[in-house]
Amino acid sequence: MDMLYKRFIAVLFAVVAVSLAVSLLASNVLYAVYSKPKMNEQMLVTAENLKDALEQDIPAGSGLTVAMDMLDALDYQVVLVSGGGEDGTGGEVTLTEGPFNGGYEAHFAGIPFERTTMEQSTLESVLSGGVYEGEDAAVANWFMMGHFMNDVRNTVGVPVMLGGERHALFIKQDSSLMFSEFHIILLVFFVTAVLVSLIFIIVMSRRLTEPLGRLRTAANEIRRENFDYDIASGSYSRDEIGQLAVSLDAMKGQLQENHRMRQKFISDVTHDLQSPLVNIQGYAKLLEDGEVEGGEAREAASVVHSEAKRLSSLASQLMLLSKFDHQSYTAKMEPVRLDGQIRDVIRVFRWRLDESGIDLSYSLDEVTVESDSDLLWNVWDNLVSNAVKYSSDGDEIAVTLKDMGDHVEVSVRDTGMGIPEDALDKVFERFYRVDAARSSEGSGLGLAIVLETVEMLGGTIEVDSTPGAGTEFIVKLWK
Amino acid sequence: MNKVMVVEDDANIRNLVVLYLERNGFDVADFGDADGALRHLEDEEVDIAVVDVMMPGMDGFELTRILSGDLETPVILLTAKGQLDDKEEGFTAGAEDYIVKPFEPKELLFRIRAVLKRAHPVSDTRLSFAGVTIDREHYEVEVMGRTHMLPVKELEMLGCLMETPEKVVTREHIAESVWGDLETSTYTINTHMNRLRQKLGRFGAEVRVLTVRGVGYRLEQSALEDDA
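Respectively, the protein sequence lines represent chains H and V.
The opening position of the first sequence corresponds to residue 1 in our numbering, with each subsequent residue numbered one higher.
The opening position of the second sequence corresponds to residue 1 in our numbering, with each subsequent residue numbered one higher.
Incorrect hints may appear among the rest.
When the alpha-carbon atoms are kept at most 25 Å apart in a straight line, the in silico PhoX-like pairs for lysine-lysine are as follows [as the list claims (entries may be wrong)]:
#: 1; chain 1: V; residue 1: 153; chain 2: V; residue 2: 199
#: 2; chain 1: H; residue 1: 332; chain 2: H; residue 2: 309
#: 3; chain 1: H; residue 1: 264; chain 2: H; residue 2: 332
#: 4; chain 1: H; residue 1: 264; chain 2: H; residue 2: 285
#: 5; chain 1: H; residue 1: 402; chain 2: V; residue 2: 153
#: 6; chain 1: H; residue 1: 389; chain 2: V; residue 2: 167
#: 7; chain 1: H; residue 1: 309; chain 2: H; residue 2: 402
#: 8; chain 1: H; residue 1: 323; chain 2: H; residue 2: 426
#: 9; chain 1: H; residue 1: 426; chain 2: H; residue 2: 476
#: 10; chain 1: V; residue 1: 199; chain 2: H; residue 2: 389
#: 11; chain 1: H; residue 1: 426; chain 2: H; residue 2: 309
#: 12; chain 1: H; residue 1: 476; chain 2: H; residue 2: 332
#: 13; chain 1: H; residue 1: 389; chain 2: V; residue 2: 3
#: 14; chain 1: H; residue 1: 426; chain 2: H; residue 2: 389
#: 15; chain 1: V; residue 1: 167; chain 2: V; residue 2: 199
#: 16; chain 1: H; residue 1: 309; chain 2: V; residue 2: 106
#: 17; chain 1: V; residue 1: 3; chain 2: V; residue 2: 199
#: 18; chain 1: H; residue 1: 309; chain 2: V; residue 2: 101
#: 19; chain 1: H; residue 1: 389; chain 2: H; residue 2: 285
#: 20; chain 1: H; residue 1: 323; chain 2: V; residue 2: 101
#: 21; chain 1: H; residue 1: 426; chain 2: H; residue 2: 332
It should be emphasised that the hints constitute simulated quantities derived from the structure, not laboratory data.
Work out the full structure: start from the sequences and follow the hints.
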């Protein structure tokens, strides 16, 4: 969670930083390519005007002082250099007020320059009639701030004739003026924008990640099976996170229901495991101790036998149910030759039919359905097994498969003991038994599984029964 | 006497199976694992093998592949798992039949007999006469589009009669081919024959079994009005 929060902030910081860098670069390019030459041109015009003014308006011989006073009154930084011409050694010279080395003489006006060093060649070229158009260094830096450099190189230079002597006039706009206005506004704009974005980023990140933290807490509570935890208590926005909270709440409800079902299931199963075990233990002990003999002993043994059968059927049914409950079992849909399958199931029962004297007949239309073969097998197995279980010597079981065009109907009808009317709608419930006596072998799960299976396969099942006359189950499956 | 080999690692189950099979007249050789069984087969032959799927060492499917493949011995698989899982693999391995644990010993007996019979099939498994068709492999009789399962004895009796329809079949022939015992009492044969008659009537079969006094029985086509 904190990770996400931090990463969120880091990413947004990076976004701000990158966008600042890109815009700075863009404006510098604009400055270098477009603004700088234009400004230089303007400065040059100004310098030429100044030159004309100086050459015409300053009376010859009135001296440099008048010129400097005039220049001082302007909003420009100016340096007027004269002399030189003796040793063209190249290299740099540092301009200072009054005469300085190399035979030059400089006079400053306006705000003083911070750096006063320039190429001697520049100086010489202007003194000999050339024009100097600002310093390339500022452009080479590609940095707007170069515009404000308080440097004699950052000037334009023109030759001026004053009192018959050649002078070089270097001039630049008073950058402190420009700087204070333009640059401070720009700086305030930048700093404010960045600060405000950062504050918003931090607040927004909190707002976005905080509900996730609450959801994590909720998930942990659910993991601990604390189903009383109220997920919806915190308010969530109506975006994806809100939807996640709603889903989580629904999941909690489902888990709670599953939990309840499982508890009930376990208590049912425990009961159904216990009672046969009690009987087996009790009767086996009787036999072991030799307390029963003859017919009684046989009866005791048969109780052990039938209770063991009940346990075994419970075990196999439970295994099947667990597959359904965990949703891990997905139906494998494939063409199933239904008549062949039902015939195979019936033939498995033939030894029990021989034993019990029950007549079984079948009539099966040749038909193929798209379904899950294994699951269907279990359905027929359960239905036929029930019919055999609740029929006795002389009863008849008829299995019929009819092709109805778009669907098929499978009927398993017996003339056995039947089901009382009030029990009819409960026979599909898990662990329901009509009465203990009639299903000593049953688990009470068979029909529940049949119903779940048939519904899973998109079919229906109906039951019709008359006590004492028999029962009929009809399964309908779509092709 | 038929020789049965039982391969099962659980001693209790193995003893139970051996006990039942010996009581029912089989010659049984039993083993706790596949290796012992295979060594036994190096110098002995068996008619059928009952093999547990889950065994330490070589499992039941593997043993089944060897038995049914190389040795042409029919195999019945015992499986503890549900029918959904093992059925297919069992048949792929070449098993003739499978039976899910826990099982009734009687059921195993029945399956063993059925498999042995299939291994030595009756000459004509299907016979038809007057709209009645019998399947001697599955003990079924089909009348008017409906198939009925008949008890083994009744179906075998009907089989005897249908081999030579409209001809007299002697009691002795029936006694020998159905019970394998010439001494079978007339009463027993009569009782089964009467049940067969009732059932044929109930099925709506257009045949009837006539008693030829002192000799035996004859199967005839019956007109509908004779049905009574």
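Now for the hints, and whether the structure bears them out:
no.: 1; hint: V:153 to V:199; result: holds (13 Å)
no.: 2; hint: H:332 to H:309; result: violated (30 Å)
no.: 3; hint: H:264 to H:332; result: violated (30 Å)
no.: 4; hint: H:264 to H:285; result: violated (31 Å)
no.: 5; hint: H:402 to V:153; result: violated (31 Å)
no.: 6; hint: H:389 to V:167; result: violated (41 Å)
no.: 7; hint: H:309 to H:402; result: violated (34 Å)
no.: 8; hint: H:323 to H:426; result: holds (23 Å)
no.: 9; hint: H:426 to H:476; result: holds (20 Å)
no.: 10; hint: V:199 to H:389; result: holds (22 Å)
no.: 11; hint: H:426 to H:309; result: holds (23 Å)
no.: 12; hint: H:476 to H:332; result: holds (19 Å)
no.: 13; hint: H:389 to V:3; result: violated (34 Å)
no.: 14; hint: H:426 to H:389; result: holds (18 Å)
no.: 15; hint: V:167 to V:199; result: holds (21 Å)
no.: 16; hint: H:309 to V:106; result: holds (14 Å)
no.: 17; hint: V:3 to V:199; result: violated (36 Å)
no.: 18; hint: H:309 to V:101; result: holds (11 Å)
no.: 19; hint: H:389 to H:285; result: violated (28 Å)
no.: 20; hint: H:323 to V:101; result: holds (19 Å)
no.: 21; hint: H:426 to H:332; result: violated (29 Å)
When held up to the earlier numbered hints, the structure conflicts with 2, 3, 4, 5, 6, 7, 13, 17, 19 and 21 and fits the remainder.
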